[in-house]
Amino acid sequence: MSEVKLLKLGLTPYPEGLELMRRLAALKQQRPAPQVLMLLEHQPVLTMGRRATDSDILAPPELLEREGIAVHRVERGGLITYHGPGQLVAYPLLELEVLGLGIGDLVRALERTLLATLADLGIQGNLHQGHPGAWHGDQKLASIGIAIKRGITLHGLALNLDPDLEHFKLINPCGLTGSPMTSVRRLTAREVDAQQAEDSLAGHLCRELGLSPSPWSLEQAEACLREGRLV
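To convert, take the position in the sequence shown, counting from 1, and add 43; that gives our numbering.
To be clear, the hints were calculated from the coordinates, so they are not data collected in a lab.
None of these values were measured; they are calculated from a predicted model.
Glycine included, each C-beta is placed from N, C-alpha and C at the ideal position.
Possibly wrong hints are sitting among the right ones.
Simulated pairs of lysine to aspartate or glutamate, EDC-like, Cα-Cα distance not exceeding 20 Å [claimed, not checked]:
(1) 212 - 181
(2) 192 - 62
(3) 51 - 265
(4) 51 - 236
(5) 192 - 148
(6) 192 - 140
(7) 212 - 110
(8) 51 - 262
(9) 51 - 62
(10) 212 - 62
(11) 212 - 99
Cβ-Cβ distance ranges computed for the label pairs, FRET-style [stated by the list, open to error]:
(12) 246 - 65: 23 to 33 Å
(13) 106 - 257: 41 to 51 Å
(14) 266 - 171: 35 to 45 Å
(15) 165 - 193: 35 to 45 Å
(16) 165 - 65: 32 to 42 Å
Please build the complete structure, drawing on both the sequences and the hints.
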């Protein structure tokens, strides 16, 4: 099995998480290198994928500023989404060729991972053809948006554990007008064990991709960046 460095970061400002993801992905291009899985939450932010337009933002700029919600255009696929506390974000930085996968294979693996994680949390999830992510009926629980640069994947998925769902009303999430966003907390009416959810998602994704997880700290990641190689 291929090794994957499992990097748990907790609550992280979006610009810092984005920069770390990009720097690690760039370092991975100096092959061979282990795979990397970043797990984190972000402070409130809107991210716009390659197909997003300004019309996907429903709130005026002054409201976003008052709420402390920044907007970032990024290289991932898809439209616009919201990230914030209470949402589990996973960035798998993978060399697909080594794993024998195509982009479609990865998306399907991420979807199966989400459904298995939701089952562990007591929710029966489902998929919507043509709309990557995970749902409960017509309510969306998780989004997927990825990019590939020089053979390495960037970005990933976001699962709503217990975020502020009101913030999704500031946008047209993923271009799905009329499809409500929901969360594990709302559907189960009980507190969500974020650590359990994180461990469940990481375990299912590693099994899906045939990866062997190795715990990795931010200090170790930064040391590798300083040395210019992943070990």
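Against the structure, the hints come out as follows:
1. Between the alpha carbons of residue 212 and residue 181 the distance comes to roughly 16 Å, so the proposed pair stays at or under 20 Å and holds.
2. Proximity of residue 192 to residue 62 is assessed by CA-CA distance (about 15 Å); at most 20 Å being required, the pair is judged to hold.
3. With a C-alpha separation of about 13 Å, the suggested pair residue 51 and residue 265 falls inside the 20 Å cut-off, and the hint holds.
4. Note on residue 51 and residue 236: the hinted pairing holds, with a Cα-Cα distance of about 15 Å set against a maximum of 20 Å.
5. With a CA separation close to 17 Å, the supplied pair residue 192 and residue 148 stays within the 20 Å bound.
6. A hinted pair counts as satisfied when its Cα atoms are at most 20 Å apart, and residue 192 with residue 140 qualifies at roughly 13 Å.
7. Our distance criterion of 20 Å between C-alpha atoms is met by residue 212 and residue 110, whose separation comes to about 13 Å.
8. Straight-line distance between C-alpha atoms of residue 51 and residue 262 comes to about 11 Å, which keeps the hinted pair within the 20 Å bound.
9. In summary, the hint linking residue 51 to residue 62 is supported, as the alpha carbons are separated by about 15 Å, within the 20 Å threshold.
10. Under the criterion of a C-alpha separation no larger than 20 Å, the hint pairing residue 212 with residue 62 is inconsistent with the structure, at around 27 Å.
11. Taking the CA atoms of residue 212 and residue 99, the gap is about 11 Å. The hint holds against a cut of 20 Å.
12. Between residue 246 and residue 65, the C-beta spacing of about 26 Å keeps the proposed range 23 to 33 Å intact.
13. The hinted window of 41 to 51 Å between residue 106 and residue 257 holds, with their beta carbons roughly 43 Å apart.
14. Take residue 266 and residue 171: their Cβ atoms lie about 42 Å apart, and the range 35 to 45 Å holds.
15. Remark: the range hint 35 to 45 Å for residue 165 to residue 193 is upheld by a beta-carbon distance near 40 Å.
16. Between residue 165 and residue 65 the Cβ separation comes to about 36 Å, which falls inside the hinted range of 32 to 42 Å.
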